[in-house]
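Chains as they are written, first to last, in our numbering: chain A, 9 to 323; chain B, 557 to 991.
Please keep in mind that the hints were generated in silico from the structure rather than gathered at the bench.
Bear in mind that the values here come from a model prediction, so they are computed numbers and not experimental data.
Be a bit skeptical, because a hint or two may be false.
[What the hints assert, rightly or not] In silico lysine to any residue, SDA-like type, Cα no more than 25 Å apart, as pairs:
#	chain 1	residue 1	chain 2	residue 2
1	B	Lys657	A	Arg189
2	B	Lys657	A	Ala180
3	B	Lys657	A	Glu177
4	B	Lys657	A	Thr291
5	B	Lys657	A	Gln171
6	B	Lys657	A	Leu286
7	B	Lys729	A	Met196
8	B	Lys657	A	Phe228
9	B	Lys596	A	Glu177
10	B	Lys657	A	Ser231
11	B	Lys657	B	Ala754
12	B	Lys881	B	Asp956
13	B	Lys726	A	Glu96
14	B	Lys657	A	Met196
15	B	Lys596	A	Phe175
16	A	Lys188	A	Ala153
17	B	Lys657	A	Thr244
18	B	Lys596	A	Asp176
19	B	Lys596	A	Ala81
20	B	Lys657	A	Ser63
[Said to hold, decoys possible] Listed next, with one range per pair, are the computed distances between beta-carbon atoms:
#	chain 1	residue 1	chain 2	residue 2	range
21	B	Ala621	A	Arg178	52 to 60 Å
22	B	Thr891	A	Leu160	50 to 58 Å
23	A	Ala295	B	Asp954	55 to 63 Å
24	B	Ala740	A	His179	27 to 35 Å
Ideal placement from N, C-alpha and C gives every residue a C-beta, glycine not left out.
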Amino acid sequence: MEWTDVDTWIVTAGVLTAVACSIPGVFLLLNRQSMLGDAISHAVLPGLAIAFFLSGSRDLVPLLSGAILAGIATTLLSEAIRQTGRVEPGAALGVVFTTLFAAGLVLVRLVADEVHLDPACVLYGSLELAVLDGNPVPPIVWRMAALMAMNLFLALLFGKELQSVAFDERHATACGLPTKRLRLGLTMATAVTAVLAFESVGSILTIAMLIVPAATAFLFCRSVPGMLLVASLVATAGALAGHLLAIGPLPGLFRILIPSVGGSAWNSAGVMAATTGLIFFGTLFGAALIRYGNRPLGRKNRDRNQPVSTDSSAD
Amino acid sequence: MNDFLRVLLLQDHNTRVVMAGACLFGAASGLVGTFLLMRKRSLLGDTIGHSTLPGVAMAFLIAWAAGGEGRSFVLLALGAAASGFAGIAALWAVRRFSRVKEDAALAVVLGVFFGSGIALFSAIQDLPGANAAGLERLIYGNPASLTSGDSMLVAGVCLMIAMLGFVFFKEMKLVCFDEAFAAAGGWPVRIMDLALLAAVVLITVTGLQTVGALLSVALLVTPPAAARFWSDRLEIMSLAAALIGGLGAGLGVLWSAMAPGLPAGALVVLATSALFAASLLGGTRCGLFFQIQNRTGAARRLDREHVLRALFECGRDGTLAVDEKTLKSHRSWHTSSLRRALHRLIGENRIATDPANQGLRLTATGLAEARRIVRNHRLWELYLIEHAAVAPGRVDRDADLIEHAIDPAIVQQLEDTLDKIGNPGVVPANPEARV
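Generate coordinates for the entire structure from the input sequences, incorporating the hints supplied.
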C-alpha cells in the first residue's frame, strides 16, 4: 500500500461526489422518493448511448444533454403511466426505468464498436480511470466541486420550502407554495446530480451516496440543516475510509485467505459504498442497543397495566 | 433464413428447453409481481435483484478457493439466494430499529449491497485463471447459456411458486386488500408477507440467467402494471400478468436467438415492455384508446343534447326553423364542434335544413327527442329550486351540469315527486321566466 497523487485525487473526487449527492438525497428521503436516484442512474443509459452515437465523441456537452433528457423523460413518463393506469408510483417508475435501462444496454452494445466504449465502465464507472486524465488537477474534480457548490446553493435557496413540502404538503400548498414545481425542481436537481456523477464516477457511488448518508443522518437528527451537515460528514467519512480499505486492508486480507493471489486494489467506488453502508448499519444497531440499555426494567409490564387512554395521550 | 425458421419453430431441443424455462419464469414472476404491486412494494424486486450480487461473487470465490471452476449455476444460485435473504434481513432490521421509511430502506440496502457486490467482482477479476465472464451472464442475463438441467431447475421452482400462489390466492388477496382485517381475522399476515418476500428472492434467483440481476425487477413490475390496464379484478389481473410475463419472456428469448450479438436479458425486458405499451394503448379497463373513445363519446352526446335543446328553445318549442347564427349565439360553443354536431344530427335524421329560409328545423323524431331533453332539463331546474334551494337565477347552469348524467328511472321518480307538488305538463315552463 502506497499513497500516491492518484489516490489523493480519487479520494478528493469521491468525497466531492459523495457530498454533492448527499445534499439532494436528504430532501429525496424526506419526500419519500428515495428510489428515484437509483431509477434515474439506470435510465440515463440510453441517453448517453444516443449522445455517443450522434456526436461520435466523449464530449461532455452532448453527453450531458442526452442524459439529462433521459432523466427528465423518466419522471415525465412514469408520472403519465401513474395517471393513466392508476398504478402505484413505484411500479410506474419501475416499468419506465427498467425499459430505458434495457434499451440502453442494447444501444450501448450497438454503438460500442463505433466509439470506444466499455459497457461495464459506463455502467459502474471507475474512479481509478476517471482521475487519470489531465494535469495538474483532473477535470472531474472541478466538475464534482461545481456540482457540490450548485447543490449547496440550491439547498440554501429552497431548503425551507422543500422542507415544508416534505413534512406537510397540503399545508405548504395552502400557504401558497408552488408545491408541484418544487417537487419537479427536486427531481430535476436529482437528475442533474445523478447524471453528472454517473458520467464522471459511475452509478455505484451515485446510487449509494444519494440515500445512505441521508438515512444515517435521519437516524438521529431532528432538523433539516442538521441532517444536511451529518449526511455530508457521513459521506466524507465513507468515501475516505472506503478508499483506504480498498487499497490496503481488503486486498491484504484477501491475500491471507487465498495466498496465491497478487491482490491489487479493489474497486474504490464499490468499497466506498459498502463502507458508508457499514456506518449506517453501525449507527442503526448502536442506537438500538443504547435504546435497549436505557429502557427501564419492567417497563413493558407497567405499560400493559395502564389504561388505554393514558397510552394514547403519551403517544 | 433457415436458421430463423429453426428457431421460430423450436426445432432444437435446447431452444425448446430454454423457451419453457423462460416462459415459466415470466409467468411465475408476473403472478408474484401482482401481489407485490397490490402490496405497493413493486420496487422491492429491484433491491433484491441488486442484493444477490455479493452472494454470487462470494459463491464464486469460495468455489474458486476450493479448487473448482466456480461456474456452476446451482452453486452461484445458492449464493445469490443466501445474499437475497440477507438483503431481506437488512430491510427488516432497518424497519425494525428505526423510523426510516420503506422507500429509504429499499434504497439503502440496494446501494450498499450493489456496492459490495461490485467491490467483490473487482477482486475476482484479479484472480489468475478465473473466468469472470461466467458471472457477467448473471448480471445481464443470457438465457441461451442455460443448460437443460438448469432450465429444469428453473421450471421446477417457478412451477412450485405458481402452484403456491394458486393455492393461497384467496388468503393473499385478503392480505393485499385489507391487512388489518386479515390480521383481525386471525391470518398470519407477517408469515404470509415473509412467504411473499421469499418467493420474490426465489424468482429473482431463478431469473438471474434469463434477465440478470439488474433487470430481474422488470419482470416483477412490468407484467402486473400492464395487467392493470386490462382489469381491476385480482383474479383476472394475476392471470393477465402471468400471461404477459410468460409471453414477454418467450418472445424475448426468440428475439435474442435471432440477434445473437445483443444482450439477451435486455431483449427479454424490452419484449415485455412492448407488451406493456400495447396494454397501455389497447387495455380494456383504462387503456389510452378506450379512455379517448369514452371521452369523445361523452363530449359528442353532450353537444348533441345541447344542440337539440337550443333548436327547441330558439325555434319556439321546435315549431320554427332556426339559422346557424342564432344557434351559435345561444350558447358559448366552438363553431367547429357545433357544425360537427349539426352534421351528425342531420345524418341521423333528427334535424333537416328548411328549404324556405335556409334555417334548420327539427324533424318529428328530433322533436320527440328534444322534448325529452328539455323536459329533463326543466325537471332538474324545478327539483333544484324546490329541494336544493338553488336560486332561480342560476339554476339553468346547475341543471346543465347534472342532466346528462341521469338515467330514466330517476327522471320517472322526479316526475312523480313533482306531480305531487303540482307541476304537470309535457314540458314544464322555464322557471327562470317566473323570476
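Structure-based check of each hint:
Of the pairs offered as hints, the one joining Lys657(B) and Arg189(A) holds, with about 24 Å between alpha carbons and a cut-off of 25 Å not exceeded. Taking the CA atoms of Lys657(B) and Ala180(A), the gap is about 21 Å. The hint holds against a cut of 25 Å. Between Lys657(B) and Glu177(A) the alpha-carbon distance is near 17 Å, which keeps this suggested pair within the 25 Å criterion. For the hint pairing Lys657(B) with Thr291(A), the CA-to-CA distance comes to about 16 Å; that is within 25 Å, so the pair holds.
With a CA separation close to 16 Å, the supplied pair Lys657(B) and Gln171(A) stays within the 25 Å bound. Simply put, Lys657(B) and Leu286(A) have alpha-carbon atoms about 19 Å apart, close enough for the 25 Å limit, and the pair holds. Between the alpha carbons of Lys729(B) and Met196(A) the distance comes to roughly 38 Å, so the proposed pair goes past 25 Å and is violated. Taking the CA atoms of Lys657(B) and Phe228(A), the gap is about 14 Å. The hint holds against a cut of 25 Å.
At roughly 21 Å between alpha-carbon atoms, Lys596(B) and Glu177(A) fall within 25 Å of each other, so this suggested pair holds. A threshold of 25 Å between alpha carbons decides the hint, and for Lys657(B) with Ser231(A) the separation of about 17 Å falls inside it, so the pair holds. With a C-alpha separation of about 21 Å, the suggested pairing of Lys657(B) with Ala754(B) holds against the 25 Å cut-off. Among the hinted pairs, Lys881(B) with Asp956(B) is consistent with the structure: their alpha-carbon atoms are about 22 Å apart, no more than 25 Å.
Of the supplied pair hints, the one linking Lys726(B) and Glu96(A) holds, its CA atoms being roughly 22 Å apart against a limit of 25 Å. At most 25 Å may separate the alpha-carbon atoms for a hinted pair to count; Lys657(B) and Met196(A) meet this at roughly 23 Å. Of the pairs offered as hints, the one joining Lys596(B) and Phe175(A) holds, with about 21 Å between alpha carbons and a cut-off of 25 Å not exceeded. Among the hinted pairs, Lys188(A) with Ala153(A) is inconsistent with the structure: their alpha-carbon atoms are about 29 Å apart, more than 25 Å.
Between Lys657(B) and Thr244(A), the direct Cα distance comes to roughly 24 Å. Compliance with the 25 Å bound is thereby established for this hinted pair. Of the supplied pair hints, the one linking Lys596(B) and Asp176(A) holds, its CA atoms being roughly 22 Å apart against a limit of 25 Å. For a cut-off of 25 Å, the pair hint linking Lys596(B) to Ala81(A) stands: about 23 Å separates their Cα positions. At roughly 42 Å between alpha-carbon atoms, Lys657(B) and Ser63(A) are farther apart than 25 Å, so this suggested pair is violated.
Between Ala621(B) and Arg178(A) the Cβ separation comes to about 58 Å, which falls inside the hinted range of 52 to 60 Å. Range check, Thr891(B) to Leu160(A): about 55 Å between beta-carbon atoms, so the 50 to 58 Å window is met. Distance hint for Ala295(A) and Asp954(B): a CB-CB separation of about 59 Å, consistent with the stated range 55 to 63 Å. For the pair Ala740(B) and His179(A), the supplied restraint of 27 to 35 Å holds, since their beta-carbon distance comes to about 33 Å.
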